[in-house]
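Asks: First to last, the sequence lines map onto chains R and H. For the first sequence, this note's numbering begins at 1 and goes up steadily by one. For the second sequence, this note's numbering begins at 206 and goes up steadily by one.
Think of the hints as simulated: they come from the structure by calculation, not from any bench. Please read all numbers here as calculations on a predicted model, not as lab measurements. Please note that a few of the clues may not be correct.
With a Cα cut of at most 27 Å, we get these calculated BS3-like pairs of lysine-lysine [said to hold, decoys possible]:
1. H:Lys215 to H:Lys259
2. R:Lys151 to H:Lys259
3. R:Lys151 to R:Lys81
4. H:Lys278 to R:Lys6
5. H:Lys259 to R:Lys81
Residues from chain H that keep clear of chain R, each with C-beta distances beyond 10 Å, as calculated [said to hold, decoys possible]:
6. Asn207
7. Met211
8. Arg218
9. Lys264
10. Glu276
11. Asp277
Every residue, glycine too, gets a C-beta built ideally from N, C-alpha and C.
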Amino acid sequence: MWNYEKRLQYPVNITQTNPQMAQVIISQFGGPDGELAASMRYLSQRYTMPYKEVAGVLTDIGTEELAHMEMVSAIVYQLTKNLSPEEIKASGFDKYYVDHTLALWPQAAGGIPFNACEFQSKGDPITDLFEDLAAEQKARTTYDNILRLVKDPEVSDPIRFLRQREIVHFQRFGESLRLVQEQLDSRNFYAFNPEFDVPRPAPNC
Amino acid sequence: MNPNQMERCKLYRWIHMVSFAVNDINLYLDTHPEDMAAIDYFNHYRELRMQALKEYECKYGPLTIDTAAPEDKWLWSTQPMPWEGGCC
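All chains should be modelled from the sequences, with the hints used to inform the complete structure.
Replies: The following block contains the structure:
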């Protein structure tokens, strides 16, 4: 169950359109290391996660990623608002516009559509948490790449916020991995898969 | 910007600040569930956030469905969506 909160996690107020920049930033919506993949990754992994604190982290970070997806979408929306056909043509936005007009659609900057193969839900806590740690760093690198191209402070300010959150999430996933490993045999963390090999008692209610 | 808009933006910004504090400590508490200082911090900012959300609803309209208290008009869907920007 989710409730919508009618505000962005961090405000986005862009007054100058820039369709060329929108085409780059859209990768953090539907690209390989984007916020849609991040959210789906964590929210999919959590059901079979046997450690409740870690299932909590996956739920709360997965939820925050939905808010990040909304921020990235707001940035792309504001960068492409009310464009004229001439501006669309001149900026190279025509190849996106022909299929989606000015609507949001999850794709990578290179035009590749969003695909669930961009994330993993492997059913092994160590494997999944390493995937999550890597995902946060890949997203951080993507934001660093975007920040080298952005000149407008109205755009770079919310992008910097998003970049910082990747680092915080990396920290929390690192702690989650430690919590998992503390429950396992330090001589062989891989002796069994706690998401599969251990029978768990039925819940009380 | 008129004084009324400035007041509104000030409260809106405050909601972002206290909500961020709640959100960030929430993640920390997920992996440190017995950290008493963090629990006190959470309770403090959660209270400030709830007060601010109620005040905002009362003066300008709801940001959450739980603070929505419609009288003669349903403002939840008739006020601007957050991606439209504008305030602050």
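Asks: Evaluate each hint against the coordinates.
Replies: Taking the hints in turn, this is what the structure says about them:
Of the supplied pair hints, the one linking Lys215 (chain H) and Lys259 (chain H) holds, its CA atoms being roughly 15 Å apart against a limit of 27 Å. Restraint check for Lys151 (chain R) and Lys259 (chain H): the C-alpha separation of about 38 Å exceeds 27 Å, so the hint is violated. Of the pairs offered as hints, the one joining Lys151 (chain R) and Lys81 (chain R) holds, with about 19 Å between alpha carbons and a cut-off of 27 Å not exceeded. As the CA atoms of Lys278 (chain H) and Lys6 (chain R) are separated by approximately 17 Å, the hinted pair is consistent with the 27 Å bound.
A hinted pair counts as satisfied when its Cα atoms are at most 27 Å apart, and Lys259 (chain H) with Lys81 (chain R) does not qualify at roughly 32 Å. Distance check on Asn207 (chain H): its Cβ is at least 18 Å (rounded) from any Cβ of chain R, clearing the 10 Å threshold; non-interface status holds. The claim that Met211 (chain H) lies off the interface holds: its Cβ sits roughly 15 Å from the closest Cβ of chain R, which is beyond the 10 Å cut-off. Non-interface call for Arg218 (chain H) relative to chain R: violated, since the shortest CB-CB distance, roughly 8 Å, does not exceed 10 Å.
No Cβ of chain R approaches the Cβ of Lys264 (chain H) within 10 Å, the least distance being about 15 Å, so the stated non-interface status holds. In this structure Glu276 (chain H) is separated from chain R by more than 10 Å, as the shortest Cβ-Cβ distance comes to about 18 Å. With 10 Å as the threshold on Cβ separation, the claim that Asp277 (chain H) sits away from chain R holds: the shortest Cβ distance comes to roughly 20 Å.
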